[in-house]
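S.K.: Chain D: place on chain C using the hints.
Chain by chain, the residues run as shown.
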Amino acid sequence: MSELTDLGIAAIRDGVAGGEFTATEVAGAFNSAVAEANPVLNAFIVTTPDHALAAAAKVDAARAAGEALGPLAGVPIGMKDLFATQGVQTTAASHILEGFVPQYESTVSQKLWDAGAGMLGKLNLDQFAMGSSNESSAFGRVISPWRATGETAPRTPGGSSGGSSAAVAARIAAAATGTDTGGSIRQPAAYTGISGIKPTYGRCSRWGIIAYASSLDQAGAMAHDVTDCAIMLGAMAGFDAKDSTSLDLPVPAWAAGLSDDLRGLKVGIPREYRIDGLNADVAKGWDDGIAWLKDAGAEIVDISLPHTKYALATYYIIAPAEASSNLARYDGVRYGLRDLPDGAGLQDMYAATRAAGFGDEVKRRILIGTYVLSAGYYDAYYTQAQKVRALISRDFEDAFKQVDVILTPTAPSAAFVLGQKSDDPLEMYLNDVFSVPASLAGLPSMSVPCGLDRQGLPLGLHLAGRPFDEQGVLNAGLAIERRAGFTAKPAKWW
Amino acid sequence: MSVAPADVAKIAALARIKVTPEDLAAMVPELNGILSWVEQLGEVDVTGIEPMTAVIPNNLRLRADVVGADPLTGGNVRDKVLANAPAPEHGFFGVPKVIE
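Chain order of the listed sequences is C and D.
970 is the number of the first residue of the first sequence in my numbering; add one for each residue after it.
235 is the number of the first residue of the second sequence in my numbering; add one for each residue after it.
Hints in this document: simulated from the structure, not taken from any laboratory.
Even glycine gets a Cβ: it sits at the ideal position worked out from N, Cα and C.
Careful: at least some of the hints might be erroneous.
Pairwise CB distance ranges (calculated) [as the list claims (entries may be wrong)]:
(1) D:G267 - C:D1019: 44 to 50 Å
(2) D:V315 - C:G1233: 50 to 56 Å
(3) D:F326 - C:Y1347: 33 to 39 Å
(4) D:I283 - C:A1344: 20 to 26 Å
(5) C:G1388 - D:N293: 44 to 50 Å
(6) D:V315 - C:D1311: 26 to 32 Å
Chain C with its partners taken away, still in its complex shape:
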């Protein structure tokens, strides 16, 4: 039998339900794997082995009593440290929230515990989810379990959900939550050879998720494969009156609806994504994906999304603008860090606290956001960006009159070496070029692994669907997964 930590959500749940092993054995195996790997990979900011064991004991007792088990019964997962977890430090990987212990549980994490999952710990991320490499965390960078062939240079697990992607890829968590504002689930999933889905904006409650850019933030699932993503997302999604943008719609039975028979499906290939100098391995992965979807019965259609080239600049106005407003709450009064210099008044305390508590990238985005919202610049920057966002969204609406899903690469390259892009914020932002447009339009989208590049590093393909059509995205993802035959895992070096 393979090791318990090699198993994903469906295999663990079914094994526990069938009595092949107990949930307690599974939790113990993952707790040990976390304890061994975390000093090296730094995927978790805090570990919570007792939480995992307590959840497992409940599942084992429920099974012994013959009670019905939840869809994630006995599955130990990692929780991105952006979700408020009652009694467990929640930091957004920022010094300004170090020591913050929520008095309540986020809606999404509560739903996962109700489904039978247990928590291995709180996963590292880019500070306030602002970043694409996990290097902006105040608790140290996460090291990807993946290395290029014949190299030992530490690589990024992607960002912002880099602790999540590293933990799932290293098989020290069976699955993990992520949040996605401009690609923070999909890009790290692609960089680490796992699957990740961001649902339609509004599917998952934002209540209890530390806010970055509220019109874009969505929680989602990161897991071994498409089936596990469907199971986990189904447990996370659902209406919540405490989030004013929550969708009051039933949650479809995505896992039960999975099918890789794509006959009748039309797949759009947007010509604007064939950017100059597209990495040859990424281009080949994209071509493979087209062939696999054809093989599954889909029809391929060339489409145009004419405002694609403006998506990134639009994002880097709208997201910082919303962030500058959301992060105004960190003032040294109600929670988190307080820096009160001798003799300082209230205003000085605010400024000193925020200077000491926020990292460089967070400050950069707050300043950009403050600038584009300030008198005299608001219309030229912020209103203009909101109008271009409407055009980008309209491009997708037009495209979805012709096609059902859109296939592109997830990221412009495989994972880069840590430190390689940290000197130039603009170069870092370009990592999100393929994932940001779907975020701006609020579309369900996912990344699935498609192969390894010539350095032996994983690459991902990106599927975006119509609003509310997570099923179409998952099914196309499943068709790729079954044909790509991606089984590569990072060799254990830690």
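M.R.: Coordinates of chain D only, in the frame set by chain C:
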């Protein structure tokens, strides 16, 4: 449009972030790089386009006007609200003196 050190100092003051002269020297070129890059949006024809605020159409709901209808958000949780405050005093948030 580009920003000078005095502009960045003003933005930082608006954002309530203390900056040193060294911070300013590093931030000015970075912010100018980002701002000159986002300028490209100015070339997009947006005639007749409404600014997008909500990406998925949704209606804002009103909840029933009942105190404490949701125990998580309904109030009467003073100690929980203050549990993470850096300087709680007598059931209030403590702040430095604001009246001379």
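S.K.: With reference to the structure, classify each hint as holding or not holding.
M.R.: Against the structure, the hints:
no., hint, in the structure
1, D:G267 - C:D1019: 44 to 50 Å, "holds (47 Å)"
2, D:V315 - C:G1233: 50 to 56 Å, "holds (54 Å)"
3, D:F326 - C:Y1347: 33 to 39 Å, "holds (36 Å)"
4, D:I283 - C:A1344: 20 to 26 Å, "holds (23 Å)"
5, C:G1388 - D:N293: 44 to 50 Å, "holds (47 Å)"
6, D:V315 - C:D1311: 26 to 32 Å, "holds (29 Å)"
In this structure, every one of the numbered hints holds.
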